[in-house]
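Number of protein chains: 2
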Amino acid sequence: MKTAAVITIGDEILIGQVTNTNAAFIGQKMSETGIEVARTVVVGDNYDGIMKVFREYFGQYDALLVTGGLGPTHDDITKKVVADFFGAKLVMDDRVLENVRDRLSKRNIPMKKVNEAQALVPEGCEVLMNHWGTAPGMLFEKEKKFFVVMPGVPHEMQNLMTEYVIPRIRAAGVSQVIKHRVLKTTGIAESSLFELLGSVDDLLDGRAKLAFLPSQFGVRLRITVKAGSEAEADEIANEIESKIRARAEKFIYSSGEVDLEEALANLLTEKRLTISVAESCTGGMIANRLTNISGSSSYFERGVVTYSNKSKTEVLRVPEELISRLGAVSEEVAAAMAEGVRKISNTDIGISTTGIAGPTGGTPDKPVGLVYIGLSDAGGTIVKKMVLPDQRLRFKERASQAALELVRRRVLGL
Amino acid sequence: MKTAAVITIGDEILIGQVTNTNAAFIGQKMSETGIEVARTVVVGDNYDGIMKVFREYFGQYDALLVTGGLGPTHDDITKKVVADFFGAKLVMDDRVLENVRDRLSKRNIPMKKVNEAQALVPEGCEVLMNHWGTAPGMLFEKEKKFFVVMPGVPHEMQNLMTEYVIPRIRAAGVSQVIKHRVLKTTGIAESSLFELLGSVDDLLDGRAKLAFLPSQFGVRLRITVKAGSEAEADEIANEIESKIRARAEKFIYSSGEVDLEEALANLLTEKRLTISVAESCTGGMIANRLTNISGSSSYFERGVVTYSNKSKTEVLRVPEELISRLGAVSEEVAAAMAEGVRKISNTDIGISTTGIAGPTGGTPDKPVGLVYIGLSDAGGTIVKKMVLPDQRLRFKERASQAALELVRRRVLGL
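Chains as they are written, first to last, in the numbering used here: chain A, 1 to 414; chain B, 1 to 414.
Just so you know, these hints were derived from the structure itself, not from any lab. Just so it is clear, the structure is predicted and the values come from calculations on it, not from any experiment. Do not rely on the hints blindly, as some may be mistaken.
Copies of one chain are not kept apart here, so a pair can be met inside one copy or by any two copies together.
[Said to hold, decoys possible] Taking lysine-lysine and the DSSO-like style, the derived pairs with C-alpha atoms no more than 30 Å apart in a straight line are: (1) K243 / K179; (2) K145 / K52; (3) K2 / K179; (4) K243 / K113; (5) K144 / K52.
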């Protein structure tokens, strides 16, 4: 097994109502397994379109991974097309039927006719029992090529991939190792980072690929190595990583797919530091990100979203006079918020944000995008001023990222 | 113009490091314009793979929309392939060069050689000036078929689509109207909703398509109508919508792509109600969602993320005795939190969450996934108990959705 293609079925993906997270998950798992995903294709819920894509793609790659269109309602037609494609009849599978009945009764959902039909499978396929939902997965093997069909509900597909599909692919034999090493940076522009790293050819020496992936959270660097063994791939990746670190260490907050909140969580846990958050313009996003990490109660004491001026005064004891004189969006108020939340929470670190998320509320002096980020700890209080003229949600994302990075660098003394 | 395909270029999409939000955006815009997106294809950053997909797809559809691989670094090769595909030389475009120079100087980023190369374009293409970034878009028209290339940075692509591409497609003539009408429901399972709506054939009468799209936020219903005119399409969609509403009104929180936080924002603004939030297990997600809406300061007074027991007592005045006797995850504490935050904020409504997000911290009595949602208003206090045994992030999403829906139904008396 060497190459694969992913086929996603669903009008909702084509017309952009739903983003294709399933193809992303499958791509990631396959790549980790050493299989190269050469293409991803999306087609709508119509018989001819699905049949056409099956005909075009089956046989071209070692594995074809299909998701979507297996639900209980009338618009789910994938199973019918698959059966016709392989010239197979749909037959009732008793184990699947029992699973459907079980699952529904546990959740107190009555068994409907449409649910019964979910237990029909094409004759001759290998049934992948779905213990996380009602639609089973199906696997066909023809001339050493795999054809796998899974439901489109993300966690059901994910479990089927992990429990059945990946082990089956491994068992069929994978001939190469592909390793991706990711270094996540923040606080530096893509072209500046590119120049900072110097000659890419020198860096890679023809033994790997390097990609730059910018987003509102920073630039990710991805090193990709293909090798004959895990050890060889790791050695090459390690060598390139240390060359990159030698030039850009300060900006790198994690290696691997670890988000900044998780990197910070590890750091705070390791240093036994506690934190509290006072947010205005980020509206709870920092607290939300910090509490996305399991175990966050050991370092996250509390957060306050002091949206109104009154709440800044009442909860954080920011002097009313300061707000009326300098405005809520000011360096001094950011400092007072960070100090206030640290004091009332009795934590090692207090952070704060105050700014203008927009799209309204800007003035010539204080434009949309202006934000002050405060940090208070035993060493004193610092405030960082930034202008992030962006759409509201992205503004919140950038500001929360900058706040978390401010803490990371402060704790590490960078 | 009738049909289109979307081609996304980038290893990061194939291997699942980045989800394909660009294809989603383009699909949505095209569909709104009356163009049917028949396929979406993703290929990696390699010359042969990109050339192959151009050859396969160009000419098959009226428009081919390509994104990605136009950045300043070595791994961006799309422009070279495009030039070769059309047999064109790359030439320097002075207007683009000036734009690149301008943009960088405004952000105090030094102009590098790699930035200069961004001003090279294939001879004979129509340059789509990128006022939101440094890589220009390119449009080719051959035998009435469009070939459009745009950068992969989402907001740059979005602006190019809206400002140049869609108007050019409209000008070329669009022969049909496609209307999607979305009704968003929450608090009902997909199969139960399907049964509640009765016969889909009766509902649609052959004049539209209906899709069921489940997620952790609820089930979306999508009505799709193709018609000769806007008026005709609207009339059909209206008729089907009212039939659906007659059967499932209570569960529908919005029509159109409005999220629950926005629907609730509109409702609170209309009724002139203010709200405050006390979160434990949702960790700031409810505050974050409410403040994603522009203008939220008019109804959102404050939020507190009382993660520690101490903060529940200090900030919300939840009696210590209650917590030690019944535990922080209990009906009584949820009620006290909602009442407490309402009182300290002096708002019309106070809501609260307390539960076990997991994956650790569960007990036989109080399993992972248990959550109590409290609501306090002038009419009294109610608490809703739910068990949402799910992965941590999805638990937070489901719990925050249930909390917002509890407010919506309370305000509307449903």
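Going down the list of hints, with the structure as the test:
1. K243 / K179: within (17 Å within a copy, 54 Å between copies)
2. K145 / K52: Both, since 18 Å and 22 Å are each at most 30 Å.
3. K2 / K179: For K2 and K179, the Cα distance is within 30 Å only inside one copy (14 Å; across copies 42 Å).
4. K243 / K113: between (61 Å within a copy, 23 Å between copies)
5. K144 / K52: Classified as both; 22 Å inside a copy, 25 Å across copies.
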